[in-house]
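Asker: Here is how the chains run, residue by residue.
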Amino acid sequence: MSLLAEKTQRPGLAPHTDSGATMVPDKSRAERTRSYDVADFPMPSGREEGWRFTPVDRLRALLRDEPSGTSLEWSESLPAGVRLGTMSVADWRASGAPAPGDRAAAIAASQSGGVAVIDIPEDAELSEPVRIALSGEAGDLVHGHLMLRAGRFSKATVVLTHTGRASYSEVLTIVVGDGADLTVVSVQEWDDTAIHLGQHDVIVGRDARVKHIAVTLGGGIVRLNTNASYTGPGGSFEGYGVYFADAGQHQEHRLFVDHAVPHCRSNVEYKGALQGHDARTVWVGDVLIRAAAEGTDTYELNRNLLLTDGARADSIPNLEIETGEIAGAGHASATGRFDDQQLFYLMARGIPEAEARRLVVRGFFAAVVSKIGVPEIIGHLMAAIDAELQGSAGGDAQ
Amino acid sequence: MSTLEIRDLHVSITSDDVEKEILRGVNLTIKSGQTHAIMGPNGSGKSTLAYAIAGHPKYHVTRGTITLDGADVLAMSVDERARAGLFLAMQYPVEVPGVTVSNFLRTAKTAIDGEAPKLRTWVKDIKGAMANLRMDPVFAERGVNEGFSGGEKKRHEILQLELLRPRFAVLDETDSGLDVDALRVVSEGVNRAQEADDTGILLITHYTRILRYIKPEFVHVMVDGVIVEEGGPELADRLENEGYDRFVTAEV
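Those protein sequences? They're chains H and P, same order as listed.
With the numbering used here applied, the first sequence closes on residue 406, and no number is skipped along the way.
With the numbering used here applied, the second sequence closes on residue 254, and no number is skipped along the way.
Hints were generated in silico from the structure; no laboratory data involved.
You can trust all of the hints, since none of them are fake.
If we take Cβ atoms under 10 angstroms as the criterion, some of the chain P residues that face chain H in the derived model are:
| no. | residue |
| --- | --- |
| 1 | Y53 |
| 2 | G57 |
| 3 | H58 |
| 4 | K60 |
| 5 | S79 |
| 6 | L90 |
| 7 | Y94 |
| 8 | P95 |
| 9 | T112 |
| 10 | D115 |
| 11 | L166 |
The C-beta atom is built at its ideal place from N, Cα and C for all residues, glycine as well.
In isolation and in its complexed conformation, chain H is listed as follows (with noise of 0.2 angstroms):
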């Protein structure tokens, strides 16, 4: 084991890593930076294993390290008993909220000035969710920072939705108590100029179950990391993604796993659709079983479908496993064409083209949205899926 190690280490000898030839890939995600100081993440070059797939060059705003004065709109719909509050940094730091894990996050955490803070009470079983809708304007330059907790043996959901056109760089910290059932959907429809940086943390209590759902159909670049951990054994983290990338949008997901505690488990699946030229998407799903975290059932399944030439999607599971005490863990993950048969069988039994493209995509993301288990957000996100494809209709005849 030891011998391999050092073999890695030494240029030449070290496994094909793409195209990052100066890269040193981590041993393991765990020894991946996490800090509050700013200082212990240089200006990333777009080499390093976290950035080698993000256009770096069109965040440089995000990157300084300089306060910006600025917020997004707020409007929220609390029901009752939520309560909406604010916390300093110092304490939010000293709750033992998890670090941020790159210069962006690090930055919204420090320069934000503040935490806006949502409170589900213990016991609460909300009837209808918690939502909260981000605008911002054209030019703004937002550091966002927010805290979610849910007491224990609470249900809730809450639904955040990202409009306008920012650059919006946010650390979203989500603590679910013991026996808590929280559902958190993150919804991006920016417009096509805006930029998103976020990193969501979601801290899972002793048995209780989180869902964590992304839906990103909208902005210029859109980048969530989504790192979820656990604080007791009986555990559940599901993270489910939707995205749809039009000509010229950049989305990327990153999640990662971390099972340090026994008898958790997690299931995370994405999926995304692509058109136009230089449309493109990133996922990466991270899963760490740690020694300690037996009895862990993990799996992460990625599916991308690409309608049409120029579109790019790269999909990355990684699996590390140091005990041999699991459950199960598994991944998949499968990049594919618009398959022209599949068109042809519906049109040969009457259907129209264009309403045949619309159930093949729709069908394609047919399992992910039955899964995110909240009405008014699986219409709205089949309805923008079927625009979406009518404005590709549009785009062709021209």
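Chain P: place on chain H using the hints.
Answerer: Using the frame of chain H, we list chain P on its own:
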């Protein structure tokens, strides 16, 4: 009374940038209620004829005509041909994951009829047709052909034939891969469809086995892209006994 007429049909496919002619002048006339069997050895062009009628983009018609009651089928898109009354039961039905059979059937029926089917009768029609084909009702909520066995896929094709009620149906090796029970169930479905709607049937098959259940009035033998012999049911009997050797060796 409708007529599907194929005249001097030449069809090519392009493979590895080389254009290859598969059909070299096929003539065929099918009228409502008739059953024609096209038989022939592997690679003779039988499936190419089926796909060319349905309008698969891989098959290029380089000469000849296909008309349906005088209307130019070759000028129609794939979906227009289906709406004009042509149906192809495919040899290898395609999986369309995530699209349920019931949603697919309703969408197709709506497209072909130009209006949505009446909900109450439609549900009854589907249930009845599935029962006739010995299909478990749970298939209605599964993805189209998703994880279906070979036999289930063929039943699903005939289910569509019975529900969509075309004027002419091309059955491309519907019998291949079926056990005797499934073959009988599927054949009964074809016969029911023909009886109900006076459908013209073009039955493409390599074997004579299915002809015990579906009785053709006309049998055509296709070899190397042309029809080399035509006759009545007695020709099928002769093929059953002699095989295709007579035609294949004649060509060498």
